[in-house]
Structure formats: structure tokens, C-alpha cells
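*Asks:* Each chain, letter by letter, is given below.
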Amino acid sequence: NAGVTQTPKFQVLKTGQSMTLQCAQDMNHNSMYWYRQDPGMGLRLIYYSASEGTTDKGEVPNGYNVSRLNKREFSLRLESAAPSQTSVYFCASFPGQGAQPQHFGDGTRLSIL
Amino acid sequence: QKEVEQNSGPLSVPEGAIASLNCTYSDRVSQSFFWYRQYSGKSPELIMSIYSNGDKEDGRFTAQLNKASQYVSLLIRDSQPSDSATYLCAVRRVDSSYKLIFGSGTRLLVRP
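In order, the protein sequence lines correspond to chains A and E. First residue of the first sequence: 1, per the working numbering; consecutive thereafter. First residue of the second sequence: 1, per the working numbering; consecutive thereafter.
Next comes chain E alone, as it looks inside the complex (with noise of 0.2 angstroms):
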């Protein structure tokens, strides 16, 4: 088992619509979860990290982690075809590294 999992994707969604990206972690006692937007070529960006159960909203996004079940997920509302890209969920340990995991990514397609 991966440390964490992401579906590869593609998700495909209309223009507009709500784009919900999954993510799995089998590490119970981490810390600091993250997701990264990344285009293609182009170095990951922070779109937004979350640290509590429950929703932190940002903007058309909106992170949410259930630590008990161990996921944590990024809504993107209203989405446009310029939030075409690869998400990349991150989950930082608990030690003095705070080494990021990554997963694989899901890449997201908004139809126009």
C-alpha cells in the first residue's frame, strides 16, 4: 500500500461544474497535508494546505480532512478550464525532516 493514494485520473468535468479530488493516507499520526496544483512542465504550486478536521475554504477551493478516516480532499467550484492540470496531495510527518509524501496526482479536465 502506497502511503498516499490518489486516483491518476483523468477527471473530466464541464466547465462550472464541482471537481472533487480524492486523497488517502496510511499514516495515522501525520501532521500537515497539502495540496499542490501542477501544469504541465511547470514546478508544483501551493493551492492549499490544511492541518484540522473539517473544511477550510479558499476562494472556488475548498480543503477537507477527516484525520479518523484518513483522507483529506480539494473541492474546486465553479471550475474553469484553466484548472486543467495535475493535483498532487502532500502529507507531512510527524518528525524533524518534515519530509512532504507525495501521491501520484490526479489529473483534471474542464471541459470549456
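Chain A with its partners taken away, still in its complex shape (with noise of 0.2 angstroms):
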């Protein structure tokens, strides 16, 4: 059961270039988050999809772009990287039901120069 998968694990761009990060999850779960965390601060939220075929803005969704493809897949787009989006970024998933945590894919290390 691998959970929440997250590609790539590793991305260097150049200011300007665009990307899209994947995230895929197996666990049937209705709701995925994307976060951004940077050195010596916590989580904020990106965007998120509570369930299938809505999203919505977090925190801080500006430069960023999702997409929910398909229950499974939830994937954010950087149009234009800049380098104050050198980050790490984590996707979540949760099943929908309030007592329950969310789970976490392995990150993705994004330094754009």
C-alpha cells in the first residue's frame, strides 16, 4: 500500500520555467491538500480539493495553479517559477470524515534559480 506518492522527489528550474508536481494517492481518500514549507516554519496551505471536482485557495496560492484530474490525482502547477517558490512542497490526502488525520507523501524539493 504505498499511500500518498509524490513526483518528482527532486526538481531544480530555471525563474520563468513552469512545472507541475504530481501526487497520487491509493487510499480512496475524498479530500487532498497541497502545502509549502519552508526553513524553520511550519505547513501553509496551498490549495486544496475537498472533494472531487471542487478546489479551493489556502493560505497562499498565489504563482500556483491545481488541478484535481480524477479522485486519485491532485496535481500543482508553478506557470512561472520564481525563486521565492524554492520550497519544499508536501501533498495530503484524508478520508472525509472528521476524526481523522491527514497522510502525507514524501515531499517534493523544488530550488528554483
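Treat each hint with caution, since some may be false.
In silico DMTMM-like cross-links for lysine to aspartate or glutamate, where the CA-CA straight-line distance does not exceed 25 angstroms [stated by the list, open to error]:
id	chain 1	residue 1	chain 2	residue 2
1	E	Lys42	A	Glu73
2	A	Lys57	E	Asp27
3	E	Lys99	A	Asp38
Non-contacting residues of chain A with respect to chain E, defined by C-beta distances greater than 10 angstroms in every case (computed) [claimed, not checked]:
id	residue
4	Gln17
5	Met41
6	Val60
Computed from the model, here is a short list of chain A residues facing chain E with C-beta under 7 angstroms [as the list claims (entries may be wrong)]:
id	residue
7	Ala2
8	Ala24
9	Ser31
10	Leu43
11	Ala50
12	Phe90
13	Phe94
14	Asp106
Think of the hints as simulated: they come from the structure by calculation, not from any bench. Yeah, the Cβ is synthetic: ideal placement off N, Cα and C, and Gly gets one too.
Two chains, two frames, some hints: make the complex.
*Replies:* As C-alpha cells, this is what we get:
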């Protein structure tokens, strides 16, 4: 059981390039989330999808777009990468019932030069 | 004021001691509370969850929740060097998004 799988694990981009981070979960969870984590900081929510077919902005959505492709997959796109988007990106999923925790992927380390 | 606040630390304790990690939150109607452990370069992993006032114990870990005072804490008994990590407090809002709001984390160092 893989849980939450993120690809790629590492990526280096040049300013202005575009990129899509992929996330897939095999737990039949309804909700999925994208976070970024900067050094010494907690996780900040970029976008989330409470259920298949819906997406909403989180705390720091500027510069990003998302697609909930199906129940399993939730992708994060950087249209024109900026150095300020250098971070570690985590995808998480949640069953959809209040008493359950979120499950995290292993993260994508993204550097933008 | 941040929605979820934690002391960034580092909190340094000797091996075998009790480590006490604290977290306060601002939204009175928060429903669920979680402690995640994060080793350097790794993803967060769930340690404890708590939903009702009082204490919840799981092995060497005890989570304590006081909704009236809006704080949640994590006690680690018999601390081990392998417990050295950053501990993230997360609070879930009462809405259909099921979003988690994270604190910035407390770094714990357990000295051998």
C-alpha cells in the first residue's frame, strides 16, 4: 500500500520555467491538499480539494494552479517559477471524516534559480 | 496573532527525561487536534490525535487538551535521542474543508 505518492522527489528549475508536481493516493480519500514548507516554518496550505471536482485556495495560492484530475490525483502547477517558490512541497490526503488525520507524501524539494 | 502558536525551541532535555511541548490556538470552535513528528528532510508523521478535553495516552506519549484555555500539549516520557525531531501541532477547523492549520513547530533535542 503506497499511500500518498509524489513525483518528482527533487527538481531544479530556472526562473520563468513551468512545472507540474504530481500527487496520487491509493486510499480512496475524498480530500487532498498541497502545502509548502520553508526552512524553520510549519506547513502552509497552497490549495486543497475537499472532494473530487472541487478546488479552493488556501493560505498562499499566488503563483500556483491545481487540478483534481480524478479522485486519486491532485496536481500542482507553477506556471512561471520564481525564486520565492523554492521550497519543499507536500501533498496530503484525508478520508473526509472529521476524526481522521491527514496522510502525507514524502515531499518534493524544488529549487528555483 | 497566529492561529496556531508553538515555541520554536530548541527544547533540550536529557535522555530519560520528560519533554513537554506546548501549543496554543486562537479559533475557539476548533474541533480536532494533531501532533506530527517531522525528522529533518522527511515528511510529517502522525504521533497523536485528540478531540476531547483531558489526557490521551499512547505508549510514551500523552496528549493533553484544554479547550477552555485553548491549548494542547504533548508529553514524551523517557525521552530518547531518536525522539529528536521537530514536532508540529495542527488544528482542524469545523467546516467542510477539513483543513489543518499548522504551527511552525518546536524542535526537540534529546541529549544522550
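*Asks:* Hints first: check each against the structure and report whether it holds.
*Replies:* Here's how the hints hold up against the structure:
no., hint, result
1, E:Lys42 with A:Glu73, "22 angstroms, holds"
2, A:Lys57 with E:Asp27, "20 angstroms, holds"
3, E:Lys99 with A:Asp38, "19 angstroms, holds"
4, Gln17, "24 angstroms, holds"
5, Met41, "5 angstroms, violated"
6, Val60, "12 angstroms, holds"
7, Ala2, "13 angstroms, violated"
8, Ala24, "15 angstroms, violated"
9, Ser31, "5 angstroms, holds"
10, Leu43, "4 angstroms, holds"
11, Ala50, "5 angstroms, holds"
12, Phe90, "6 angstroms, holds"
13, Phe94, "5 angstroms, holds"
14, Asp106, "5 angstroms, holds"
Violated hints for the displayed structure, listed by number in ascending order: 5, 7, 8.
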